[in-house]
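Chains as they are written, first to last, in our numbering: chain A, 1 to 291; chain B, 1001 to 1322; chain C, 2001 to 2648; chain D, 3001 to 3434.
Think of the hints as simulated: they come from the structure by calculation, not from any bench.
Treat the hints with care, as some may be off.
[As the list claims (entries may be wrong)] Incomplete in silico selection of chain B near chain A, CB under 7 Å: (1) Met-1001; (2) Pro-1096; (3) Pro-1105.
[Claimed, not checked] Derived lysine to aspartate or glutamate pairs resembling DMTMM-like cross-links, with alpha carbons at most 25 Å apart: (4) D/Lys-3275 <-> A/Asp-287; (5) D/Lys-3043 <-> A/Asp-287; (6) C/Lys-2533 <-> D/Glu-3171; (7) D/Lys-3250 <-> C/Asp-2338; (8) C/Lys-2286 <-> C/Asp-2339; (9) D/Lys-3260 <-> C/Asp-2462; (10) C/Lys-2286 <-> B/Glu-1151; (11) D/Lys-3275 <-> A/Asp-19; (12) C/Lys-2331 <-> C/Asp-2529; (13) D/Lys-3275 <-> A/Glu-67; (14) D/Lys-3043 <-> D/Glu-3171; (15) D/Lys-3043 <-> A/Asp-208; (16) C/Lys-2563 <-> C/Asp-2529; (17) C/Lys-2331 <-> D/Glu-3171; (18) D/Lys-3250 <-> C/Glu-2445; (19) C/Lys-2383 <-> D/Glu-3171; (20) D/Lys-3260 <-> C/Asp-2529.
All figures in this text were calculated on a predicted structure; none of them were measured in a lab.
For each residue, glycine too, the CB sits at the ideal point set by N, CA and C.
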Amino acid sequence: MNGRIVACVKWVDLRPEVDSLTGHVVHDERTSGWSPADLAAVELGLTIAEAWSVSCDVICCGPAAAERGLRELLAAGATSVTRIDPGSIEHAPSHHASSADVAAALTQAVTNSGPVTLVLCGDYSLDRGTGSVPAFLAHHLSASQALGVTAVDPAELGRVLVTRRLGGGRSERLELRGPMVVSVEGSVARLRRAGLRATMNATDATIDVIEASGSSSTTHHVRTVSTLPLRPRPRSLPAPPGDDARDRILSLTGALVDRTPPRTIHATADEAADAIIGQLRQWGYLDATDS
Amino acid sequence: MATYLALLPSREGSLVAGGDEVVAEARELDPAARVVIIGRGAENAATELAGLCESVELIERDSFEPSRWSDDLVDVIVGADVVVIPASPDGRDLAPRLAALTGRPLIAGALSVQGGQIVVARQGGLLEEHVQFDGPIIVTLQPHVRGALAESELAPTTTTLAVSDTSGTRSNDARLIEVFPPDPATMDLAEASRLVGGGAGLMSGDAAARFAQLGAVAVALGASMGATRVVTDAGWVSHDRQIGTTGVVVAPQVYVAFAISGAVQHTAGLGHPEHIISVNTDPHCPMMAMADLAVVADATATLDALVDRLGAAAPTESAMTA
Amino acid sequence: MSERLLWSPLRLGPVTVRNRLVFSAHLTNYATQDGMPSEQHAEYYAARAAGGTGLIITEEHSTHPTDWPYEKLIHGFNPKVIAGYRRMTDAVHRHRTPIFAQINHNGGQASSMYSRLPVWAPSPVADPLFREVPKAVSVTEIADIVESYADVAARCAEGGFDGIELQCSHSSIVRGFLSPATNRRTDAYGGSLANRARILVEIVDAVRSVIGPSLALGVRLCGDELIEGGTTIDEAVEVAKIVESTQQVDYINTSIGVATASLFMIEASMHIPPNYAMFIPSAIRKAVNLPVVGVGRFKDPIQAERALVEGHCDLVGVVRGQIADAEFAAKAHSGHTDDTRLCLSCNQECVGRMGLNRWLGCIENPRAGREALGVGEVRLSTKPIDMLVVGAGPAGMQAAIAAARNGHRVTVCERSPESGGQVRLAASVPNRAEFGDLVRNQLSEARRVGVTIEFGVAIDPDEVARRAPNMVVVATGSTPARPWWAGDAPNVCDVRDVLEGTVHPEGSVVVIDEIGFHHATSVAELLADRGCKVEVVTPGMVVGQDLGITLDMENWWIRAGAKAIVQSTDLVPMGMVDGVLTLQHHPTGTDAHRSPDWVVCAVPPNPLDDLYHQLRGAGVRTERVGDCLAPRRAHAAVIDGERVGAAV
Amino acid sequence: MTAHDADVIVVGAGPAGSAAAITAARAGLDVVLIERGPFPGSKNMYGGVIYGRVLDGLVPSWWEVAPIQRWITRRSTMLLTANQALTVDFRSDNWAEPPYNGATAYRPEFDSWLADVAVDAGAQLICSTTVTGLIREHGRVVGVRTDRPDGDLRARVVIAADGVNSFLAKEAGLYHHAEPEHYTLGIKETLALPREVIEERFGVRGNHGLDIEILGCTDGIPGGGFLYTNLDTIALGLVLQLPALAAQSKRPEELLAELKTHSAIAPLIEGAEVKEYSAHLIPEAGFHMMPDLVTDGMLVAGDAAAMCLAAGIWLEGVNFAIGAGMAAGQAAAEAIRLDDTSAAGLECYIRRLAQNFVLSDHRKLAEIPGLVMSDRVQQQYPSLVANIVERIFTVTNPQPKPGFNAIARSELKASGIRVRELVQDGWKGLRGFG
């Protein structure tokens, strides 16, 4: 067995209570957990590990409270679980480690136990939501990357085919070879349910903890100055054109927009179908050759 | 004053989403901001920036290779304090790698880059974090937040950047197998330019068959299928296909409504289609009043007749591109 | 409750609103003739507070005796108002809803009719509506005005208001100063924008100094006056920046148009697209950090949420939506948006009645403005009866709703397969679709209160005898009347025939308007859209005389012009012989002739009251409502229905 | 006998289950506590009233550690008619200091806390796991099936604390008298108001609060209402007997909406925002409805054993649940020690229940639910009492005021209630409550 899969997950409050006046965030440990995307990453890791007969380790960057969740992942079948204590990379005032720092810490943890074939992550974290950790990770591991993936099909050991969205409804199919980093959408898979005995056994399993090393120099000249309730940015909206008030009025009322003269026809089903096709053809939505 | 550079990936001659906004943002902050397009069909993509900037530098590349492209871009961005990249696919692939290569901090998914302060959404959009910086950085800008208004229709001039092209050298970037065009049947309704909608009037009888038929007609017209809330609540069509204020707010060019009366919850989410056809037995319902062609007929029978005429044929090329 | 931002609280200086919905300032004519706030005010605002709105801003209170442009204006300058203020603010505060007072001097947009004093304005420029040349105020008088704002603000604070809004937009002396169109001064209050805004800054300073830090202070600005040489959006943004730079103001409200020149763009009817004024708050909000209120045909909570999400505004003014349904906010917040009685934007009973010096009401909500009298309240009957309503038009449906609300067992029988009567026809033309919401609102309310509705069921006296209800309400409507002058000429039909689709006029069409509302103009537009050559003829001085009241006249003119519809006035039809229509120009008595392919008549109809008389004759307890009582407009039908249904 | 995975399986980490797990674990047993939700109390979003005397035996000085909202220092009973209200109000300063009397608490916080106590005592808590059935051998319960793969778990004793309508008690055939009228529907709105407004309106300070029981607010449906204060929310609700509710055309939320507009209630909640609406079935017939509590290898505790006692003014389910849980834990330990976990061996549970207050209160109050639910108490007494009081307080000068007895006699006559019934009900009530 000379391949290895690692799933990277993040312990977050799934339903943080945010005071919409002050922006104060109250975290409740009881509502913390793994995001659907992270769970999908773990499930894919487990499935592919079975297909390739390799191990699937889970690494999490998070506080000690995350160990409860890590035990669930262990029970679900992870070969090992490791927690990176964010300690020194979480710095004031935002108390968030930057994506670059998290990626650096993860890289260290991933490579600690030897070379890796496939790293799986959720596409976005719920709390910060930048989705940039996987690409940093790919850079550090000199790996190929595919972000925001909607389907993963493992081929032979060390090769996978993925589909990812490109926007505008388009998508692309990519082939990746290890080492590779793939971030997945939550809809890709649902984590299997851990067995009862595995769950019970995992309750007192020990969890490896690694201390993250100090923060990278790049973040030093970036600092958070304030955190407030979100006030959406005004989206560009054109004012009505025209120096003449009347032109602006006409533009605002929409009264002069040319429309197809409305027609009402009473029709049988066949006449109706013909009328619809004829109209769509006239507007240019259908070729003369259609139907 | 900080110098800005807008870096826009292109694909098949089009900018990735949010490219125009990145340019507008950079130019608002720095009227001399450079605009660089990298990718396939960069020259053509530059025409999308008409009225937003005067000149664009182009780097023509073949398929998307984040690791190799970022290697090539390291020299290009020298001198720019702030590099702004769209936070859409390709942009968010590229930005972290470029940041890591150049040692610049990355501020990803910004809502705005206003002067010395960058605003980033946190906690799923409940909070905004204001970040200050005092050195060279890379920022990705969330698409569809800012919007961009062109001041004219003047296309920018273009120059091709001489950049060492490492193509051909070995990289471990993913290999592109295929790009799938938008599939009207599965694409996000909000992005669909042609929509076929079904209402409660199709639910009598064999509703499942009716909506399958509606889907087939949609495919034949190169359109996406949507439905009203009553239909999605009844489970005949999934909720992500519900058109209206409680579902998806859409903006199609053409809308063909079958047996939809046009409750305001539906029509308010419909945008302003240029062309509307409505089929209904009630000539006086709002959907008929809104229609350019109001057909007073039985919607289910009309669907049968349309299926006959259009066949189950796949959309023709013109139906896809018109 | 999918709207997150809409239901999130916001701070406006010292005041926290629980959601982003604002019942913003609008005239009600509820004040007494001597300018005192009334019980009607208190209960009207309290009902909206109970219905969950985040903030109430009252109608304007005049700051100065020189400002009395219409009869029932609240005289903030009269110290006696405080008792009325208290009643109003106490009633609203019971629901923990903040209420702000809008204070104003209308300047030259006023009449001396009530005040018997010359109107004051920055320059002697006559207002186009009132057509009075104002007195240009002296610098001393400006100081007097500024002081009057402070006095009234102090009075409002004493009266329990949580904040003050300075009306500086569509009808105000401050707008008069800000606008280059009405400010021709050459002193320190005219010329540069800084000078034109001077009075605004002075008022802000004076008001803040009397109200202190515990009350909110807002300024309402006009984003585009839509008049020649008036303020446009770029300058409005600059004014907003000036307002923010005073550091005394907690929010900015917005508006569009000038009340006395472009009112139809302020209180837009259904003919103007929703969100039309959104560019104003959006542009202002981009330039300032203060919370900004957006207004303009917000009908639906999700539309409001969208405006918030896209950052165009921080709060949304929904006035008519909350007049039509006081529980607009509560229903939306609890996820029952579908139960909302949606505003039609018809302007018939709200805006329309203001121009007629009557108190504000609502075409579909008989309770609006009648809260203090208990109209529309549930009064459960101790002896429920069986009631049969014949006809599911607006009158019959309202009678059914009112009776069923009080616990009576009500069945409505409608001959046709659908409810709504003539409203459905009225709503079936371009731009009038929203009128049809009346039908849907009544239908859903009727179902909620347990009314049984049978469609396709005709009722005659035998059927009534068979069903043996305790009471019958006849709401059978009216039937088109063939005008006397038409004789038996072919190709003469009624507007209803066209809307029902039973006739299809083609070619040249003369539409006769003897009703003076949407009937003729709607059909004229419809036929013009279908390619007919249309002329609308009326004996009146103007086609669609009452369209002015609902602010639809300008829209009609714009569209009629675009569609090449000819309008001919002062013409009385005298006969139609051999395809020639004779029209008499009544001021001169001269005849004119037309030879149209079709003549379509919008003329007063006849009541359909046979069933009513038959049942009365048979001794059945019977009432009639709506057109079958006397053909009138929809609001009258609803009022009839409510009166009869609630009185059972 | 088959090998077992644990000594005791407790199903349900509510107050009863956690109390059982605590006691059993402290007795040195190997305990598995299985909870359906992702954490204990996750299904109860908001609060309840907890009368905590019983906690003394479980967690000494619990008031220093338990997560509570407000200490109940006022209890009121309100009798309502359509347009009258009579309130009997009691306030005690003694309830404002240790050991305290009662408190309001948010159940997610309280239940999680109590389950943590169980874990500290050595119990193993397994969340997100639903028990789907019992494993039985030779008619005896030997374990449970869960919805997890590999999900069977065996133990010497199963303690079913799986809530109202206990699926496990039913599966074990322990229910005999489950008729619909034994259930009431509880509905509750949680209404948010600023802390200082609550304190002003209810005349309480700091973290003091009140609990009101309301009679006569259910439009003739047997049941009652309640209102209690949390830190910055108010809970207002109704309990309504099921069959009567079903026979009526009104929906429960309409009844609650009417209560909210009653002139005695409306000012208390004016301007409050609804945070949550919840509905819950409550077993309310007290002792007469209790299932058999013991079978071979299994005990039933808490709501599962219909131990929510709705004896008129006492809606103290959590107390009884904890008491029953403790007894169940102790009984399991005793049976395992004596190596007899058959029904006979577990019979000591009943004894313990009877000894401590749970069963004795239930027995003593056996008639009370019937009395509270009776037509006279529900419909006639509130108006009788309110009318008498109204006449006493109504100023009738210059006419001489009739004496109390005269008023009472005339109102009693007008109400149509016979003196014999009044005396009988009074006696039942005295016997039960006294």
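Each hint tested on the structure:
| no. | hint | result |
| --- | --- | --- |
| 1 | Met-1001 | violated, 17 Å |
| 2 | Pro-1096 | holds, 4 Å |
| 3 | Pro-1105 | holds, 5 Å |
| 4 | D/Lys-3275 <-> A/Asp-287 | violated, 56 Å |
| 5 | D/Lys-3043 <-> A/Asp-287 | violated, 58 Å |
| 6 | C/Lys-2533 <-> D/Glu-3171 | violated, 81 Å |
| 7 | D/Lys-3250 <-> C/Asp-2338 | holds, 21 Å |
| 8 | C/Lys-2286 <-> C/Asp-2339 | violated, 35 Å |
| 9 | D/Lys-3260 <-> C/Asp-2462 | violated, 46 Å |
| 10 | C/Lys-2286 <-> B/Glu-1151 | holds, 18 Å |
| 11 | D/Lys-3275 <-> A/Asp-19 | holds, 15 Å |
| 12 | C/Lys-2331 <-> C/Asp-2529 | violated, 39 Å |
| 13 | D/Lys-3275 <-> A/Glu-67 | violated, 32 Å |
| 14 | D/Lys-3043 <-> D/Glu-3171 | holds, 23 Å |
| 15 | D/Lys-3043 <-> A/Asp-208 | violated, 33 Å |
| 16 | C/Lys-2563 <-> C/Asp-2529 | holds, 7 Å |
| 17 | C/Lys-2331 <-> D/Glu-3171 | violated, 43 Å |
| 18 | D/Lys-3250 <-> C/Glu-2445 | holds, 17 Å |
| 19 | C/Lys-2383 <-> D/Glu-3171 | violated, 49 Å |
| 20 | D/Lys-3260 <-> C/Asp-2529 | violated, 54 Å |
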